[in-house]
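*Asks:* In case you want the letters, here they are:
Protein chains: 2
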Amino acid sequence: MTVPILEESKVDVLVIGAGPAGLFCANGLARAGVSVRIVDKTPEKVAAGQADGLQPRTLEVLQSYGLAERVFREGTQMHTAAFYNPSPNGGVEPVNKTADITGPSARYPFEVTLHQGNIESLFLDSMSSMGVGVDRPVTPISLEISKDEAELQDSQSYPVKVLLKHLRDEALNEVVYARFVVGADGAHSWVRKALGISMEGEQTDSIWGVLDIQPETDFPDVRRKCVVHSLNGTCGVIPREDDMVRLYIQLDDNAVLKDDGRLDKANTTPEKILQVGQNILRPYKMETKVFYWWTVYTVGQRVAAKYSAHDRVFIAGDACHTHSPKAGQGMNASMNDTHNIIWKLVYVLRGWADMSLLKTYEDERRKYAQKLIEFDKMFAALVVKKPKTDDYQEGVTHEEFLRAFQTFGEFTSGIGIHYGPSAIVNPEYQSVAKRLTIGKRILPHVFVCAADGRPYEIHDLLPADTRFKVLVFAGNTSQEAQMQRVREFADMLTRKDAFFERYGKSDPSRLFNLLIISSTSVDGTDHVGLTKAFRSHWSKVFVDDRTMYGHSGGNGYEEYGIDHATGAVVVVRPDGYVGMATPLKGVSELDAYFSGFMRSILLLVQTEAVRDVCNVKDFLCAFDSDIDGEETLV
Amino acid sequence: MTVPILEESKVDVLVIGAGPAGLFCANGLARAGVSVRIVDKTPEKVAAGQADGLQPRTLEVLQSYGLAERVFREGTQMHTAAFYNPSPNGGVEPVNKTADITGPSARYPFEVTLHQGNIESLFLDSMSSMGVGVDRPVTPISLEISKDEAELQDSQSYPVKVLLKHLRDEALNEVVYARFVVGADGAHSWVRKALGISMEGEQTDSIWGVLDIQPETDFPDVRRKCVVHSLNGTCGVIPREDDMVRLYIQLDDNAVLKDDGRLDKANTTPEKILQVGQNILRPYKMETKVFYWWTVYTVGQRVAAKYSAHDRVFIAGDACHTHSPKAGQGMNASMNDTHNIIWKLVYVLRGWADMSLLKTYEDERRKYAQKLIEFDKMFAALVVKKPKTDDYQEGVTHEEFLRAFQTFGEFTSGIGIHYGPSAIVNPEYQSVAKRLTIGKRILPHVFVCAADGRPYEIHDLLPADTRFKVLVFAGNTSQEAQMQRVREFADMLTRKDAFFERYGKSDPSRLFNLLIISSTSVDGTDHVGLTKAFRSHWSKVFVDDRTMYGHSGGNGYEEYGIDHATGAVVVVRPDGYVGMATPLKGVSELDAYFSGFMRSILLLVQTEAVRDVCNVKDFLCAFDSDIDGEETLV
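Quick note, the sequences are listed as chains A and B, same order.
Once you know that position 332 of the first sequence is 332 in the UniProt record's numbering, the rest is easy, because the numbers rise by one and skip nothing.
Once you know that position 440 of the second sequence is 440 in the UniProt record's numbering, the rest is easy, because the numbers rise by one and skip nothing.
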């Protein structure tokens, strides 16, 4: 018998599970300069099948990490949807076509399908450029959290002890001491079980087959997302790469079950599933030579009772929520879970924020998951409901279905995610930016850089660089009275006792990126004066004007519901969500907002431990390079 | 004494000179699967200074090679221009601002400044992924062209013998036998001299200093392109990366000259040049701590008398034309020279086209260079002319200058390049596509893919993949009579004796990419019927319709001046220029066009040598992947 070798190491964050949620998390933490380790029990990344739909909000989020360009290059775009209902002549017929996405404010108003393996490669390649890889196959076998309250409250302690087993080398076990652990280990999460967290909700009796095929077909909408409601059941069509199509086929009574009523996958064949699909899609032909991937599943709709233990171990992704794939939400919700927690962990690890900031993760993401499941139940029920016909009056009409599809479009697109009031979401001054919902992601819009006339999509000015973005909508700065107000505000903001100095004495640009947006035209803006007032850089001053050829820009104050004359200040969180707004004079309001969760850096810069994790200057400069300048605020 | 070792090798194309023109050429040829060798006499690529402005047409061309994304990521964009004239109080004052680019049809209506070394890296990295690098420092020492007429006429022969000397290894000389040679070796071109080609034109007496600095300045338009006309001379401002600015400063009487009247660079200092600039820019301050790069030059405006010898050795770039940098044309004209010749060399090397096709290179590019110099003379004269004041009535007014700036804007942007009638430009049926000028690049426009509703910029559908693009504007295909006409046209096009079969029997998609664009809406198009009629792929059928949210698309027939009902056929050359147009029935016109320079592949596919260079299938598939499909034409 071999004696197991026990290696010991320390890490800021240990991520367990290298699916989309875990990889997104590890990549984001590594970019922020956090020491991170990620392990997975499988020997290889996903090769085929699985999740593959990226929703508009997820695309915006990936763009904020600089990863969307590659997704657009590699993925298939889904711009339109088509609906089929029973035809009077038997079989089905097309009813109508709509935009695939209901969410006019989406920067990218479409979905992208991309094989999960490629999505994982996005993160793996990005991480690899920072020297971070996945340790696999490695599985956790025990997890202990310290019971010492003082240790738990000290963000610089290592209160979590995880024993890891290397599956390729039986002799090698390992102890990792982590400040934080993120369990992103899927629907059957080991971490969740280790924490004793239960899943709330139930399994439905709806059973589905899924096929990835290159179809031989005369079905005219095979390159759109389709929902085909027939009298023989429902079929969903999702176009994919290489002329492939994914079919979701309602099996129900056609499913092969074991004696205990559970699915009998061993005795199910893709040929049999396709046969059921062909019966739904009549009179259209749907054949294939090859099944690239297939599966069967029952729909479970459950949410974890808790998302963390002591705010030291968190669960994310499928470990927290399972639902039907109909609304294409699984992978998107999972990646947005870890997008939500990354900056919070970074702030706590850098010693900038209180431990209490971490509580907002469960608050925000569990509520979202509950709403998601609520919607999923309603939508999944509509999907399988028989269509209304003369003989079946209680069926669902196309109009009802379309209304549900569109009403929840903003929600399924991810654009509608709305975080409720908390320490980091303060809607008190919602009225100063009426059309930017505080708690929702900031609306995309093009503003023009005053110094060089270049148009910028504001989303590109707000990358996921862990900084808060303070957007000073300076109003009509061509009026001297307003310009005077702006100068006074700038003075208050940058003077000794304001939060700018308190939270970032040595270099506020580590925490804040301040952008100034005047409501005047390029010609009417004294951009040199504005730059000087804020002791800032030319690249930070914008106007709400059209570009020279009128291709883009303009009307932004209107779109955001901000007064052209008097302006407003809008704070965007590091994850792109609007955290608060205030009138232009509201330095004390800004101060109150940040002091609700931030620690004063003044008191902390002397601590050696903190100085270590604060070493993020290179990281911030890397981000700033895309706008050619660095703040000179002192 | 070492005995020189003579190595011998053969290559399709030897490129001499690895500046922008030569690298562009080698990269384009390598992408097309041509065996190419590139040598340069300098040991390293450019480190600082030199050319760095990319014009809108050059950006479009780079995009057609898949290289623009990186340019946009790395470069500084110049969207606006500002003009300064003498102020009544002495010194200068701003007069007005305009768009930097006059050329509303430009897909990218701005210039990009990017250091020449980075531009060279674009090509070096792309080439390196295909296993091609620059041999350096290597210089040619002799060049002989065969005098055997039969050998010269045989595109598969190697009639050019070049002796190369390796400058790092004195012992290593080398003989290269090339089918073709491209001399892109700069203003002092060795190749041009070896061919005995003279430069026509003259040196002016205008002398300029150039400085790259990070300015300390209160000049408000330091991030725009500026032309400052003062009573003390003229200064140009070009914003660059890292807050740098390039200043072009008119020296003339302030220049240090040698006794023979030539520039004395050894006794010129950047401090002195800056002093002249400061005098022009008064009352604004312009200081710097560091000069990153600087030079002085006199303006020469010359064009080579010939661009080739026996259509076997060509010259390109600065080897053919020198002019002032004022209009920012040098590097752009150079890269567009080799863009013009790449596909022609490829067609001749593959045995597809007659040797006569190569004559169109000089015809097209020399005429363009002559126009460029004509413009350059006029513009350069205006730039240095003293501004009109009360005391100097014969001076140039701002209005005159601005008119010249804008009138020639389409020309300087590269958008206005217009190739005259030739074997590859046939304007006979200009009337069927009134607003697409035959001989100019095709206008950018967004069309919508009928099968999936995805919008595509047509430029992205016409990559520099060496194929001719046959755009079938099918007219109103919701009318059965028109649909019948389209079907007849498709039959004629694909039947046994038509050019489609003659030039590409085994696989027409190697030579042609056929796209079908209906004038109807997404809903009104039978895209399955159109796909079948042309035996094509779903991804090749488009409609002239808005996208679902109206973000883009629509009105393309109008913009191109094509009749909505009856349509037209437009042929776009592999380099993106419109080659011809014809009514929808015009198969014989298409046939006549292609037989004017193409050889019938039917007669050639049996030749072993040709089969070798025809092996481009992988290459074509690589291109097609971006629209998810491959033609199924047989």
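Hints are not guaranteed to be accurate.
One copy or two, either will do: identical chains are not told apart, so a pair holds if it fits within one copy or between any two.
[As the list claims (entries may be wrong)] Once the Cα atoms are required to be at most 20 angstroms apart in a straight line, the calculated EDC-like pairs of lysine to aspartate or glutamate come out as:
| id | residue 1 | residue 2 |
| --- | --- | --- |
| 1 | K306 | D125 |
| 2 | K45 | D354 |
| 3 | K388 | E399 |
| 4 | K97 | D523 |
| 5 | K532 | D243 |
| 6 | K272 | E216 |
| 7 | K289 | E271 |
| 8 | K258 | D169 |
| 9 | K285 | D526 |
| 10 | K532 | E216 |
| 11 | K97 | D526 |
| 12 | K45 | E120 |
These are calculated hints, taken from the structure and not from any lab test.
*Asks:* Within a copy, between copies, both or neither: where do K388 and E399 come within 20 angstroms Cα-Cα?
*Replies:* within (10 angstroms within a copy, 71 angstroms between copies)
*Asks:* For K306 and D125, with the copy left unspecified, which applies at a CA distance of at most 20 angstroms: within, between, both, or neither?
*Replies:* So K306 and D125 fail the 20 angstroms test inside a copy (32 angstroms) and across (50 angstroms) alike.
*Asks:* With 20 angstroms as the alpha-carbon cut-off, assign the pair K97 and D523 to within, between, both or neither.
*Replies:* Between copies only: 8 angstroms across, 45 angstroms inside.
*Asks:* Is it within, between, both, or neither for K45 and E120, if the alpha carbons may be no more than 20 angstroms apart?
*Replies:* The answer is within: 8 angstroms in one copy meets 20 angstroms, while 37 angstroms across copies does not.
*Asks:* 20 angstroms Cα cut-off: does K45 pair with D354 within a copy, between copies, both or neither?
*Replies:* For K45 and D354, the Cα distance exceeds 20 angstroms both inside one copy (36 angstroms) and across copies (52 angstroms).
*Asks:* My question is about K532 and D243: at a cut-off of 20 angstroms on alpha-carbon distance, are they close within one copy, between copies, both, or neither?
*Replies:* Between copies, since 16 angstroms is at most 20 angstroms while 56 angstroms is not.
*Asks:* From the Cα coordinates, with 20 angstroms as the cut-off, is the pair K97 and D526 best called within, between, both, or neither?
*Replies:* This pair counts as between: shortest inter-copy Cα distance 14 angstroms, intra-copy 49 angstroms.
*Asks:* For K289 and E271, with the copy left unspecified, which applies at a CA distance of at most 20 angstroms: within, between, both, or neither?
*Replies:* Classified as within; 10 angstroms inside a copy, 75 angstroms across copies.
*Asks:* Indicate which option fits the pair K272, E216 if close means a Cα-Cα distance not exceeding 20 angstroms: within, between, both or neither.
*Replies:* Within. Shortest intra-copy distance 17 angstroms satisfies the 20 angstroms Cα cut-off; inter-copy 75 angstroms does not.
*Asks:* What label fits K258 with D169 when the C-alpha limit is 20 angstroms: within, between, both, or neither?
*Replies:* neither (37 angstroms within a copy, 78 angstroms between copies)
*Asks:* What label fits K532 with E216 when the C-alpha limit is 20 angstroms: within, between, both, or neither?
*Replies:* Intra 65 angstroms, inter 14 angstroms, cutoff 20 angstroms: inter-copy only.
*Asks:* Pop the pair K285 and D526 into one bin, within, between, both or neither, using alpha-carbon distances up to 20 angstroms.
*Replies:* between (66 angstroms within a copy, 18 angstroms between copies)
Taken one by one, the earlier hints fail for this structure at numbers 1, 2 and 8, listed in ascending order.
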